[in-house]
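Colleague: Please build the complete structure, drawing on both the sequences and the hints.
The opening position of the sequence shown corresponds to residue 1 in the numbering used here, with each subsequent residue numbered one higher.
For the record, the hints were derived by calculation from the structure and aren't laboratory data. Relax, there's no trap hidden among the hints.
Below 25 angstroms or equal to it, Euclidean Cα-Cα: the simulated DSS-like pairs (lysine-lysine) are:
| hint | residue 1 | residue 2 |
| --- | --- | --- |
| 1 | K6 | K172 |
| 2 | K5 | K172 |
| 3 | K47 | K72 |
| 4 | K72 | K53 |
Values in this document were obtained by computation on a predicted structure and should not be read as measured data.
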Amino acid sequence: LCLGKKEQAQLQKLHPRSRVELFPNGVDVDRFAVGPARSGAFRERLKISQDAKVLLCVARIDGQKNQLLALKILEQLRAQNHGEYHLVLAGPITNQNYFQEIERYALEHQLTDCFSYCGSLSGQELVDAYHGSDLFLLCSRHEPFGIVLLEAWAAGLPVMASAVGGVVDLVKPGLGELFDPTDAPEMLAGRIAQLVGNPERTAQMAAQALAEVRSQYGWDQLIRRLVSIYQEVARAHSVR
Numbered sequence: 001l002c003l004g005k006k007e008q009a010q011l012q013k014l015h016p017r018s019r020v021e022l023f024p025n026g027v028d029v030d031r032f033a034v035g036p037a038r039s040g041a042f043r044e045r046l047k048i049s050q051d052a053k054v055l056l057c058v059a060r061i062d063g064q065k066n067q068l069l070a071l072k073i074l075e076q077l078r079a080q081n082h083g084e085y086h087l088v089l090a091g092p093i094t095n096q097n098y099f100q101e102i103e104r105y106a107l108e109h110q111l112t113d114c115f116s117y118c119g120s121l122s123g124q125e126l127v128d129a130y131h132g133s134d135l136f137l138l139c140s141r142h143e144p145f146g147i148v149l150l151e152a153w154a155a156g157l158p159v160m161a162s163a164v165g166g167v168v169d170l171v172k173p174g175l176g177e178l179f180d181p182t183d184a185p186e187m188l189a190g191r192i193a194q195l196v197g198n199p200e201r202t203a204q205m206a207a208q209a210l211a212e213v214r215s216q217y218g219w220d221q222l223i224r225r226l227v228s229i230y231q232e233v234a235r236a237h238s239v240r
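Modeller: So, in structure tokens, the structure goes:
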């Protein structure tokens, strides 16, 4: 069992006589659905203006996750006068030096008033974070799957993510936007402003993604499929 198509192809090449199944991560879709009464809780806790466009990244703080690019995009959104934006990073710090680099960049480029780090989130706080944001931004240099994208979709949040690893297969046309993490922050800022500034498009994107995650990545569906795979393998290898 493997998460991505690239991994599946590599394993099938290594083991040509074995059965290699593509089996993705799942998400508790109902957990991330919440009424509009909770949508402002996240902003209130971080003291973010209700008028600001919030970019959210949920990932461990590490160079692989490339959060520094998100800060550079934020800087360009301000420089290009695209309106009020606020970047929120959430996740455990697994590389302290990289976190310090992020903090220095925010300070040196006068971004501390529009940037927040809120640590690891769980339970209702995590759900509130998705619902209190306008766009989920994932800037990873490498990402085998990207389960946080499923969480964002389940919460009805549009996504923009690096075209790396398993993300390329996960974010199909119409479900979100992909970008090259080596692209210039100036260009990425323009793309984000254009996307966030088109509520009709983001609403359509979020609705398609929610339908996709409900039909393909809910745990009920995945459990049934996994049981079916085990049953097929058991029947194929049963002793008669």
